[in-house]
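Fit chains E and Y to the given chain V structure using the hints.
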Amino acid sequence: MQVVQQPYPNWHPSPPVDQVGVEERVARLAARSIKKESKVAALKLALSMIDLTTLEGSDSPGKVRQLCYKAKHLHDALPDLPHVAAVCVYPTLVRVAREELAGSGIKVAAVATAFPSGQADRETKIRDTRYAIDEGAEEIDMVISRGAFLRGEYGYVYDEIAEIKSLCGDAVHLKVILETGELGTLDRVRQASDLALAAGADFIKTSTGKIQPAATLPVTLVMLEAIRDFHLRTGQKRGMKPAGGIKTAKTAIQYLVMVNETLGPEWLTPSLFRIGASTLANDILMQLAKETTGVYQCADYFSQA
Amino acid sequence: MSTTSVASSTGLNWTYAPAPETADPKIRSRYELFIDGRFVPPAEGQYRTILNPATAEPLTEVAEAGAADIDRAVKAARRAYEKVWSRMPGRERGKYIYRIARLLQERAREFAVAESKNGGKPIRESRDTDIPLSVAHFFYYAGWADKLNYAFPGARARPVGVCGQVIPWNFPLLMAAWKIAPALATGNTVVLKPAETTPVTSLKLAELIQEADLPPGVVNIVPGGRPTGAALVQHPGVDKIAFTGSTAVGKWIMKALAGTRKKYTLELGGKAANIIFEDAAIDQAVEGIINAIFFNQGHVCCAGSRLLVQEGVAEILITKLKQRIRTLIIGDPLDKNTDIGAINSREQLNRIESLVASGREEGAEIWQPDCPLPEKGFWYRPTLFTNVSQAHRIAQEEIFGPVLTIQTFRTPEEAIERANNTPYGLSDGVWTDKGAKIFKVTRQLRAGVIWANTFNKFDPTSPFGGYKESGMGREGGWHGLLPYVELEETA
Amino acid sequence: MSSRVPVLKTYKLYIGGEFPRSESGRSFDYDDARGRHIANVALASRKDFRNAVVAARSAFPKWAARSGYNRGQILYRVGEMLEGRREQFIAELRQQGAGIAEARREVEQTIDRVVYFAGWADKYQQLFSTVNPVASSHFVFSVPEPTGVVAVIAPQESALLGLVNLLMPVILGGNTAVALASEKKPLSAITFAEVLATSDLPAGVVNILTGSRKELLPHIAGHMDVNAIVYGDEDGAEEKLIQEQASLNLKRVVRPRANPESPYLILDTQEIKTTWHPVGL
Chain V
1 MQVVQQPYPN WHPSPPVDQV GVEERVARLA ARSIKKESKV AALKLALSMI DLTTLEGSDS
61 PGKVRQLCYK AKHLHDALPD LPHVAAVCVY PTLVRVAREE LAGSGIKVAA VATAFPSGQA
121 DRETKIRDTR YAIDEGAEEI DMVISRGAFL RGEYGYVYDE IAEIKSLCGD AVHLKVILET
181 GELGTLDRVR QASDLALAAG ADFIKTSTGK IQPAATLPVT LVMLEAIRDF HLRTGQKRGM
241 KPAGGIKTAK TAIQYLVMVN ETLGPEWLTP SLFRIGASTL ANDILMQLAK ETTGVYQCAD
301 YFSQA
Chain E
1 MSTTSVASST GLNWTYAPAP ETADPKIRSR YELFIDGRFV PPAEGQYRTI LNPATAEPLT
61 EVAEAGAADI DRAVKAARRA YEKVWSRMPG RERGKYIYRI ARLLQERARE FAVAESKNGG
121 KPIRESRDTD IPLSVAHFFY YAGWADKLNY AFPGARARPV GVCGQVIPWN FPLLMAAWKI
181 APALATGNTV VLKPAETTPV TSLKLAELIQ EADLPPGVVN IVPGGRPTGA ALVQHPGVDK
241 IAFTGSTAVG KWIMKALAGT RKKYTLELGG KAANIIFEDA AIDQAVEGII NAIFFNQGHV
301 CCAGSRLLVQ EGVAEILITK LKQRIRTLII GDPLDKNTDI GAINSREQLN RIESLVASGR
361 EEGAEIWQPD CPLPEKGFWY RPTLFTNVSQ AHRIAQEEIF GPVLTIQTFR TPEEAIERAN
421 NTPYGLSDGV WTDKGAKIFK VTRQLRAGVI WANTFNKFDP TSPFGGYKES GMGREGGWHG
481 LLPYVELEET A
Chain Y
1 MSSRVPVLKT YKLYIGGEFP RSESGRSFDY DDARGRHIAN VALASRKDFR NAVVAARSAF
61 PKWAARSGYN RGQILYRVGE MLEGRREQFI AELRQQGAGI AEARREVEQT IDRVVYFAGW
121 ADKYQQLFST VNPVASSHFV FSVPEPTGVV AVIAPQESAL LGLVNLLMPV ILGGNTAVAL
181 ASEKKPLSAI TFAEVLATSD LPAGVVNILT GSRKELLPHI AGHMDVNAIV YGDEDGAEEK
241 LIQEQASLNL KRVVRPRANP ESPYLILDTQ EIKTTWHPVG L
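Chains as they are written, first to last, in the numbering used here: chain V, 1 to 305; chain E, 1 to 491; chain Y, 1 to 281.
FYI, nobody ran anything at the bench for these hints, they're computed from the structure.
All figures in this text were calculated on a predicted structure; none of them were measured in a lab.
Fair warning: there could be bad hints in the mix.
[Said to hold, decoys possible] Here are the simulated BS3-like pairs of lysine-lysine, each with C-alpha atoms no more than 25 Å apart in a straight line:
{"no.": "1", "chain 1": "V", "residue 1": "Lys-247", "chain 2": "V", "residue 2": "Lys-35"}
{"no.": "2", "chain 1": "E", "residue 1": "Lys-336", "chain 2": "V", "residue 2": "Lys-290"}
{"no.": "3", "chain 1": "Y", "residue 1": "Lys-62", "chain 2": "E", "residue 2": "Lys-251"}
{"no.": "4", "chain 1": "V", "residue 1": "Lys-250", "chain 2": "E", "residue 2": "Lys-336"}
{"no.": "5", "chain 1": "E", "residue 1": "Lys-434", "chain 2": "Y", "residue 2": "Lys-240"}
{"no.": "6", "chain 1": "E", "residue 1": "Lys-336", "chain 2": "V", "residue 2": "Lys-39"}
{"no.": "7", "chain 1": "V", "residue 1": "Lys-210", "chain 2": "V", "residue 2": "Lys-70"}
{"no.": "8", "chain 1": "E", "residue 1": "Lys-255", "chain 2": "Y", "residue 2": "Lys-214"}
{"no.": "9", "chain 1": "E", "residue 1": "Lys-147", "chain 2": "Y", "residue 2": "Lys-123"}
{"no.": "10", "chain 1": "E", "residue 1": "Lys-255", "chain 2": "Y", "residue 2": "Lys-240"}
{"no.": "11", "chain 1": "E", "residue 1": "Lys-434", "chain 2": "V", "residue 2": "Lys-36"}
{"no.": "12", "chain 1": "E", "residue 1": "Lys-322", "chain 2": "V", "residue 2": "Lys-237"}
{"no.": "13", "chain 1": "E", "residue 1": "Lys-336", "chain 2": "V", "residue 2": "Lys-44"}
{"no.": "14", "chain 1": "V", "residue 1": "Lys-237", "chain 2": "V", "residue 2": "Lys-72"}
{"no.": "15", "chain 1": "E", "residue 1": "Lys-263", "chain 2": "E", "residue 2": "Lys-75"}
{"no.": "16", "chain 1": "E", "residue 1": "Lys-336", "chain 2": "V", "residue 2": "Lys-35"}
{"no.": "17", "chain 1": "Y", "residue 1": "Lys-214", "chain 2": "E", "residue 2": "Lys-440"}
{"no.": "18", "chain 1": "V", "residue 1": "Lys-290", "chain 2": "V", "residue 2": "Lys-72"}
[What the hints assert, rightly or not] Below, a sample of chain V positions facing chain Y; criterion: calculated Cβ distance under 8 Å:
{"no.": "19", "residue": "Asp-18"}
{"no.": "20", "residue": "Gln-19"}
{"no.": "21", "residue": "Val-20"}
{"no.": "22", "residue": "Gly-21"}
{"no.": "23", "residue": "Thr-185"}
[As the list claims (entries may be wrong)] Covered stretches of chain E (chain V as the covering partner; in silico rule of three or more C-beta atoms under 8 Å from a C-beta of chain V):
{"no.": "24", "region": "11-25"}
{"no.": "25", "region": "132-142"}
By construction, the Cβ of each residue, glycine as well, lies at the ideal position given by its N, Cα and C atoms.
Just chain V, with the same shape it has in the complex (with noise of 0.2 Å):
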């Protein structure tokens, strides 16, 4: 790897990660047995961690209007249950989910910086950002310039996603997808994670859902050492949310336990912790189901979002 100048302030180097010991620490937290009461927690939990997604060419106002209506009502058959955390569209739908969401507590989240490919110019991504927000994005999920960033130019990619922090402001969040598909080795996840979080972010993310694989609990686990390590030397506590891929409630719960070992039970929290998820919802909503009723549940009685 060529680093030539120091490529942001207060650099320094990653360490090195190993996959091998990164796996079979994910196997064993993945063979922790969840039951019975813990399961519940943690599968309401989850709901209120999901960031209901919907990045299809094909939207349009009519299917961004029918998920957010599934966002606030997940199951009305079950009591007590959670709302998720926020719905996540493209900018030109943003106005039409703050609409529906008014008052629900329920955040809308825009793609932005030329999502999902991150191939734009400098202007074109603030004007993209630009947009999103003034559409009323409460949350921003931009992407880091991949290409740059394997080429080893550095100084660039920090300098990107400063320059759209400092558009979001403390207001708005923002959430920096590595896209970690195409990262290749664990170590540059670890080195674009150390990047984004020395750069502003308030999250760090791991995919926008359009490249394989997408989120992963070995990339995960890697993402979350990066946060738990900057959180050592600032003190500041940073968010990580997954997301692509995850379509099962014990994959959720797999999860949830990975980042109550690595971080703590202080982020277990929608503030901290978010899945970005479509379908996982409904898994959930069968689990939890079948919890209160003793059956095993059909998909065919859970509304699609």
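Frame of chain V; chains E and Y shown alone:
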């Protein structure tokens, strides 16, 4: 009991509900000796009460083999050796050993629960490590039985005869597998003495061997304490002794065998250094340290009990290590979430406590998490010592418990010198991201197993055993055949 | 005819590349079969043995770290030096009671044995190493490494071949050695030391003592800084003593094999080191 978290203002205070493993271990209320294919009462009528160390309550009672029983077992093994087993084609022997492997695989969960109940180890370990590795060991050596003519260039491998095998209490079934599988594959017969506190899975294995229809006398299992072991070691009808246990007993065995021409292999104590360089993958190193010292409550001869950390990362590493230790769940061995189970016996708990006390007295600084411990049974908190001098007893003697000493170093030379500054030489760990450094350092470490960027890994294909006072001979892999054969050179 | 007075040789010890007398100042009278005085031979003390172990221990790390190729070259050089002194060794064996044919055969076998074993120095590793196909994602290999300082008790009845045969597998594998020569026939061992001293063999790799086996054996077998002991005779009482004393620090006790050229002899003073490493990106 299973708690991982402290209360927090913003996050969920999430306590994992109990998740007990419920499979029936099928432990009988009484076990006899297994001699010549049958379960027989001991000549002197002695039985020993076996405890569950997690509750200190009786689990079963087991016959105690005396000198007469040992004699009977050795004679049965001799008959089986001469009349049946040494004459049987390797191909047929191998099929018997495969049978054992398969039967054990089928009943794996049952054996895992029995192991955890008798030994106190977490079900996660008996289920994921002890039993699968035992199965793999039988499977691996079964395949050698009919290939011995190709194993040793220029030589024909002949069996040694009757093997007396004495095993410890930390991995009861796995150690039985390590001993029995290569012995049988090479055409020897066996008299095995399990450890006095942990005979249950050996005797369940005896049942399984009956089920496999192994010819009577090929494997005999004779539980008992030290006098039983001594009688076996000193029996003139035994051709080879294989022992795993303490260095002190290993020395006694070697002396007792002087002048007899019996073969012997010894797998003894250790005081492994786990060396963390500042360029290591530090979070994985933390996990490696946890595995190195807290696996099986630290009842591991190759445990990484001496942590050597390069000064530049010492502070952050210790911080992370303490964080990680706070997440360890201590308690019911049968709970699937338990990380650290019960100490194997009152005697071992006393030994750990007295060595820890010596560490305090000698001026080392102790740290333990404030996790709750069960009221009944034998328990010990994971323990770190900093400010440790090389001369402290805790840095020199094998503690065989969840107790880690931490020392710092500045240069690789210093780390290597510290690591080798012990009469033991079983294992060491090295953590660095630099390949060339791994080879340079590991070559200079005087130990039989070196884990680089990992720790406490085992496999039947991989030889295990020590340098210096950690023993002689290897178990596992091709090298593990050597102690069980006489090489008749044809060249 | 001028009658020139021959210069007689002083047989001394070989420790750390030098030829000292015993620190005790003792020697013993060596007479030939007909009772004629041949030489005064140094009678090593236990302190001489201790000094030899110190020399062997300090030579060990560097000798062990040399390449097999280099050790092989040095040992081949030993063979060359032996060949050059062939007649001297034959004459010396005759002084110690061997017939002419017997002496010639022993020297020739010794030279050939040295050359044979020299060639193993960069090959036994391949014979005794394994790459272990473990089930997890690790690369795992096992290689032989020398056990350390090895005491060699040469057989009484063979002045040269017996010693060389036990010594070669030990040192070709990177160990260093302290050898106790045959008490009955001590002369060839010291002359062999002269060969070693002129063969680029680093000082301390081989140390040779002459003296009383009865006196020295308990100290040799009990010494805590000796890792293995190779015993070449058949005396049951001596063997028992060795085993008992060796148990103090778990010395490996090695017996000769039926085939004197067995490569498994090399393995007898090797340890197997297994190294694990993850395989990942």
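These are the hints, each one checked on the structure:
1. This hinted pair checks out: Lys-247/V and Lys-35/V have alpha carbons roughly 19 Å apart, not beyond 25 Å.
2. Among the hinted pairs, Lys-336/E with Lys-290/V is consistent with the structure: their alpha-carbon atoms are about 22 Å apart, no more than 25 Å.
3. For the suggested pair Lys-62/Y and Lys-251/E, the alpha carbons sit about 30 Å apart, so the restraint of at most 25 Å is broken.
4. Restraint check: the Cα-Cα separation between Lys-250/V and Lys-336/E comes to about 16 Å, which is no more than 25 Å; the hinted pair holds.
5. Our distance criterion of 25 Å between C-alpha atoms is broken by Lys-434/E and Lys-240/Y, whose separation comes to about 48 Å.
6. Proximity of Lys-336/E to Lys-39/V is assessed by CA-CA distance (about 15 Å); at most 25 Å being required, the pair is judged to hold.
7. Pair hint Lys-210/V plus Lys-70/V holds up; C-alpha atoms about 23 Å apart against a cutoff of 25 Å.
8. Distance check on the hinted pair: Lys-255/E and Lys-214/Y sit about 20 Å apart at the alpha-carbon level, within 25 Å; holds.
9. Among the hinted pairs, Lys-147/E with Lys-123/Y is consistent with the structure: their alpha-carbon atoms are about 23 Å apart, no more than 25 Å.
10. Restraint check for Lys-255/E and Lys-240/Y: the C-alpha separation of about 9 Å stays at or below 25 Å, so the hint holds.
11. Taking the CA atoms of Lys-434/E and Lys-36/V, the gap is near 46 Å; set against the 25 Å cutoff, the hint is violated.
12. With a CA separation close to 19 Å, the supplied pair Lys-322/E and Lys-237/V stays within the 25 Å bound.
13. Between Lys-336/E and Lys-44/V the CA atoms are separated by roughly 23 Å; this keeps the pair inside 25 Å, and the hint holds.
14. Taking the CA atoms of Lys-237/V and Lys-72/V, the gap is about 28 Å. The hint is violated against a cut of 25 Å.
15. About 18 Å separates the Cα atoms of Lys-263/E and Lys-75/E, which keeps this hinted pair within 25 Å; it holds.
16. Note on Lys-336/E and Lys-35/V: the hinted pairing holds, with a Cα-Cα distance of about 11 Å set against a maximum of 25 Å.
17. As the CA atoms of Lys-214/Y and Lys-440/E are separated by approximately 43 Å, the hinted pair breaks the 25 Å bound.
18. With a CA separation close to 21 Å, the supplied pair Lys-290/V and Lys-72/V stays within the 25 Å bound.
19. Contact between Asp-18/V and chain Y, as hinted, is supported at the beta carbon level, the nearest pair being about 6 Å apart and thus within 8 Å.
20. Hint on Gln-19/V holds. Least Cβ distance to chain Y is approximately 3 Å, under the 8 Å limit.
21. With a cut of 8 Å, the hint placing Val-20/V at the interface with chain Y holds, because the nearest CB-to-CB distance is about 3 Å.
22. A cut of 8 Å between beta carbons decides the hint on Gly-21/V: the least distance to chain Y is about 7 Å, and the hint holds.
23. For Thr-185/V, the interface hint holds, since its Cβ comes within 8 Å of a Cβ in chain Y; the closest pair sits about 5 Å apart.
24. Coverage of the region 11-25 of chain E by chain V holds in this model, with 9 residues showing a Cβ closer than 8 Å to a Cβ of that chain against a need of three.
25. Counting residues of the region 132-142 of chain E whose beta-carbon sits less than 8 Å from any beta-carbon of chain V gives 0, not enough to reach three: the coverage restraint is violated.
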